[in-house]
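Participant: Sequence:
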Amino acid sequence: MDKTACFSFQGNRYEVPQELVGQKVTLHYDPFDLGRIAISCRGKQYGYAVVHQLVRQVDESLAPDEKEKRPPGKTGLSYLRLLQEKHEARIKTALGRIRFQDIPLPKEEKENV
Numbered sequence: 001m002d003k004t005a006c007f008s009f010q011g012n013r014y015e016v017p018q019e020l021v022g023q024k025v026t027l028h029y030d031p032f033d034l035g036r037i038a039i040s041c042r043g044k045q046y047g048y049a050v051v052h053q054l055v056r057q058v059d060e061s062l063a064p065d066e067k068e069k070r071p072p073g074k075t076g077l078s079y080l081r082l083l084q085e086k087h088e089a090r091i092k093t094a095l096g097r098i099r100f101q102d103i104p105l106p107k108e109e110k111e112n113v
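Okay, so the sequence shown: first residue is 1 according to the working numbering, each after it adds one.
Everything labelled a hint here was simulated from the structure, so no lab data went into it.
Just to be clear, a hint being listed does not mean it is correct.
[As the list claims (entries may be wrong)] With a cut-off of at most 25 angstroms between alpha-carbon atoms, the simulated DSS-like pairs for lysine-lysine come out as follows:
#1 3 to 24
#2 24 to 44
#3 44 to 3
Treat the numbers as computed from the prediction; the structure is a model and nothing was measured.
I would like the entire structure built from these sequences, with the hints used as guidance.
Facilitator: In structure tokens form, the structure reads like this:
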């Protein structure tokens, strides 16, 4: 850790809390995502390092074929879109069952009819 609370890792530049200046820290990271590196020092967690420069996205120690085999990520499904579609389907079904002649009229309107 340098005097500016920054460090370099695999060509990338990160910043950590000032209290860690001069300390030896432990990095916890996913080799497929170098954009999120958790920091700990002497058993205490300090959250994630702030990325200043991200040149390399994946760990250089991964074999070339492993870099292509990214772990499953986004499914392409939108939970909110699925809920909206389900809600709209329920509304359509409910509207198909409502018959306006089945709705009772208020007493005043019944007397005028």
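Participant: Take the hints in turn and mark each one as holding or not.
Facilitator: Each hint, compared with the structure:
no.	hint	in the structure
1	3 to 24	13 angstroms, holds
2	24 to 44	12 angstroms, holds
3	44 to 3	20 angstroms, holds
The structure meets every hint from the earlier list without exception.
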